[in-house]
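A.B. asks: Spelled out from the first residue to the last, the chains are:
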Amino acid sequence: MARYIPPEQNKAGQILDIAVVVVAIFVALWLPLKLGLAGAAKSIDPLDAKTWDALGQNATMASIWEKLGYTPETAHDIIQNRFHYIIDWPTLIIMAIVLIAYFVFLFRASDKEYREVINEKFDDK
Amino acid sequence: MTAAVETGQTVIHGDRVSLLRVLGPAHVWALGVGIVLVGEFTGWNFSADKGGALAALIVCWIVGLLYTSVAMIDSEVTSTVAAAGGQYAQAKHIVGPLMAFNVALFLVFAYTMLEVSDAILLGDTIVAKAGVEGLTHNSFIAATIVVLAWLNYRGVLMTLNVNFVITAIAYVSIVILFFSVSPWTQGAVLKLNELVTPGNALPYGWIGVIAAFQFGIWYYLGIEGTTQAAEEVRSPARSLPYGTMAGMITLLIAAAMTWYVCASLMPWEYLGITYYPLWDAGKLTGSPLLENLLFIATLLAALASANGCINDAARAWFSLGRDRYLPSWFSAVHPKYRTPYRSILFLLPIALAFAFIADLNQAITFSILSGVLQYTFMSINIMMFRRKWPLGTIRRGYTHPFHPLPAIVLFCLCMVTFFAIFLGFGSQLIAMTVFYFLISLWFHFYRYKFVRRGDQFSMPWPKPQGY
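These protein sequence lines are chains D and X, in that order. So that you can map any letter, position 51 of the first sequence is 51 in my numbering, and since no number is skipped, the others follow by simple counting. So that you can map any letter, position 7 of the second sequence is 7 in my numbering, and since no number is skipped, the others follow by simple counting.
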């Protein structure tokens, strides 16, 4: 197999490639934050009676909350702020498809490139 | 393939200046544990928020199993493929260039976002301790990232010597806390039976346990970073398995002690939301000495972790430049300090930017996402490694036992963790996977043309079976 000679990349091309990668990193990480997509569904289940007992805290728990500087009123929003786990099936299926498609492409395309590497490496010998 | 010529402690590839082989097993331990130990000081406790105190303990053990598999697999492959970039170099030799490109990005994202989380933790801890109205964490975050980048710029040996000392102090503080609260006696200081009751142990049931996997990863995330030093250790075949496995044992002990003390000192609702569980534990003992010790240890753990993360992310980025997967400008080694200084400097503003726009658990999730993608790769990678070069065909520094059980366990636990991330950050996971997909298309159809094909395989191995 003929040895592959890659083209030399000029400075402008290198700068452009760096810019592409930086922009991609920021879009992937920053955009979900900006769009408010990051974070689990948590909401407060309010209680009318704000007492340690109503909040499900025994005497030991109550004494620790107080040691930490909380009262039943101030601890209410922490204790009653709960996850509501609901499986959103369409999103789960989309996630599974995206992940599987990504890994399938990754391994197939890598294998194609790897065969070129192996052929050139071992045909030289 | 460039000829590597050993000249004392200096390795020269052809006429290119290369990295120094100066590190021993203690440095490998310090790199791995230094990166991870901060997970005991913050982050793991968010798993209690997700599923309750008992869920945090269950995932501590199960995720410990995941990371034991990671350490076993990593030790075998890295002790055989000893090159800078760790898992990146493994992917290059076993799967192919595109996979290697992706793995390097997983590493860079995981470590840079972990560094961001460390800096945020450090800033928030100082602000909380100062208790001064109007004081924000921004200047502390910026100072942390910039000073540590400078330290990394100046040299790997000094960086990891510093890490060894501060990691050891942080670790000892957990041990001191553990023995100071009479762990063998319940009721005096620790009140586990009254805080974790049958009624509140699993407040969301088993779905909460699965959801807790997301932050359970944080107990150990980064231990695989030991492999990044492969090209800078004096004896990779000995130092890497020894340092990694010793690190994993250290962390399993620290995680168990941390859970036991914290779950016995504070209600799970508070434990799940605090940024400083160990510092709070110190406060709740009523001892000013322990409180101040744990405050300092929290800062040191964050510093050690950020320090190791800069080291690892820069080496992964450097490797991409050296192999022309990214512009070769990144592959420069500093002529005096012998560090990948351009990669260190390039990643600095990215870390700073995200430290100011993300909050702590978002940054942690970014890091976890890239970590889990990488572990999924590792479970498949070891199967391919054993198939392409069966035992006896090449010299391995270490051969892990029970193959393929660790790989299967690792793969299954990664799937569970993906589901756990879906329960909280599904959109984020999809967005990041789409990003990796698009950047892979860019690499495969455009950037790969700049890569020298045969040079991607530099190990003195026979042709892989099946090719």
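Quick caveat, the hints were computed from the structure, so don't treat them as lab data. Since we're looking at a predicted model, the values are computed, not measured. Just so you know, not all the hints are guaranteed correct.
What the hints assert, rightly or not - Okay, the calculated beta carbon distance ranges per label pair: (1) X:Ile408 - D:Thr51: 23 to 33 angstroms; (2) X:Lys336 - D:Tyr4: 33 to 43 angstroms; (3) D:Phe105 - X:Cys412: 35 to 45 angstroms; (4) X:Ala130 - D:Thr71: 36 to 46 angstroms; (5) D:Ser43 - X:Thr399: 46 to 56 angstroms; (6) D:Ala54 - X:Ala130: 30 to 40 angstroms; (7) X:Gly466 - D:Lys34: 21 to 31 angstroms; (8) D:Val27 - X:Val146: 41 to 51 angstroms; (9) X:Lys336 - D:Lys34: 37 to 47 angstroms; (10) D:Phe105 - X:Trp184: 25 to 35 angstroms; (11) D:Ser43 - X:Leu192: 37 to 47 angstroms; (12) X:Pro198 - D:Thr51: 41 to 51 angstroms.
Idealized CB from N, CA, C, for every residue including glycine.
A.B. asks: Among all the numbered hints in the text so far, which are the ones the structure does not match?
C.D. replies: The structure conflicts with hints 1, 3, 4, 7, 8, 10, 11, 12, although it agrees with all the remaining ones.
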